[in-house]
Amino acid sequence: MEPISTPRISGQIIGSFVGRNVMIVGKVLQLRGEEAVIEANGHVTANLNREAHLTPGNGVQIIGKVNNDLSIKVMSSVDLGNNVDFTVSQAVVDATHQYPDLFVYAN
Amino acid sequence: MTADYGGGGGYSRTSYGAAGGDDAGGFVYGGSQGGSQGGGRASGEESLRPVTIKQIIDAEQAYQDAPFRIDGVEVSQVTFVGMVRNISPQTTNITFKLDDGTGLIEVKQWLDADKDDSGKPQFQLDQYVRVWGRLKSFNNKRHVGAHVIKPVADFNEVNYHLLEATYVHLFFTKGAKTDANGQSNGNTGDNDSMFVDDGNSGNGANDDKVRHCSMNAKKFFNWLQHAEGGNEGIHLNLIAQGAKLSVNDAMAAAEELFGTGVVYTTIDDETFAILDY
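Residue numbers (the working numbering), protein chains in the order written: chain A, 1 to 107; chain B, 1 to 277.
Please keep in mind that the hints were generated in silico from the structure rather than gathered at the bench. Note that beta-carbon positions come from the ideal geometry of N, C-alpha and C, so glycine has one too.
From the derived model, a few chain B residues whose C-beta atoms are all more than 12 Å from chain A:
1. 93
2. 111
3. 176
4. 244
5. 247
Just so you have them, the derived chain A footprint on chain B, three or more residues with Cβ under 8 Å:
6. 102 to 109
7. 154 to 168
Below, simulated SDA-like cross-link-like pairs (lysine to any residue); rule was C-alpha separation at most 20 Å, straight line:
8. B/97 to B/138
9. B/136 to A/3
10. B/97 to A/21
11. A/73 to A/35
12. B/174 to A/99
Generate coordinates for the entire structure from the input sequences, incorporating the hints supplied.
This is how it looks when you write it as structure tokens:
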């Protein structure tokens with residue numbers, strides 16, 4: 001039982017989360033070696049770790065730390081396949097920040 | 001006993017109650033319910049509530065072994081989703097650590113020595129699963145005793161669940177949407193509510209009066225509205241019984257409705273009638 005959150009965010013609000021661990025669900029647009037570009041209501045650059053297995057065009061969930069240049073240092077990533085409804089993901093991001101009592105520990 | 005959940009595989013309350021010990025004793029919450037042994041448990045307490053892990057961690061407990069409360073509502077049966085962060089097999093149970101991005105919680109699945117558990121699904125780290133279980137506290141450490149853990153096959157279920165947990169939270173804190181067609185609009189706007197507030201509820205003007213009241217106040221009001229002899233007023237204890245509220249909850253509901261001028265007191269301070277104008 002640990003009060004640690006990785007709040008779900010989008011590319012639009014990433015600027016408010018520099019230095020924090022976050023979760024992003026989006027679509028893989030491009031893979032370039034250790035770097036991926038992810039569409040999540042705005043483009044996000046992700047610096048991948050070795051274990052990452054992403055597929056362009058598929059959905060992905062990444063957890064990582066937001067760098068100063070608004071890229072993400074990925075700690076874990078999960079391929080979500082090609083059947084992800086991104087409007088629902090975005091609705092969850094909206095709910096997360098509208099009702100932080102349910103979703104986010106301040107840390 | 002009460003609980004035989006149709007869709008959920010028919011857990012009977014007796015078996016779990018005996019194991020957890022939390023059903024023991026007929027302690028009546030609030031005290032003054034005329035001799036109804038064990039009747040102090042609120043009716044909603046055994047219903048299954050979708051929650052986030054943060055809500056589980058934040059659930060209030062007035063004292064040790066007291067019922068858990070979320071949004072002021074008693075809750076024991078919960079369902080939630082999470083990623084498996086740790087699996088630790090013990091002699092009597094398997095302890096999982098689950099993370100849904102809002103917090104981390106331990107989930108224990110008890111092993112039945114008489115049964116061959118090899119048919120149960122095996123889970124991998126970082127896999128999303130859904131848990132159905134009961135909130136427990138042991139040595140001041142909170143965990144969930146799982147009835148069932150299943151893998152999440154479609155990732156959209158995770159997002160669906162988080163929105164459903166939000167919906168239920170809003171239902172208890174802001175009240176049900178009166179236009180009960182169950183549709184929630186994707187909540188993309190800046191609107192403070194997830195629900196379309198269009199007012200074409202088709203219920204009488206009376207229901208409008210309690211639209212922004214709490215769930216308990218609505219139950220209180222609805223029961224009182226349809227009760228006989230409502231003109232002279234009905235005693236709080238009778239209303240509590242009829243509306244299936246604890247006396248404390250009924251008292252709070254009465255205060256809320258009294259404060260907004262929906263009900264008034266008649267022959268004494270504990271007898272209420274609906275104010276019709």
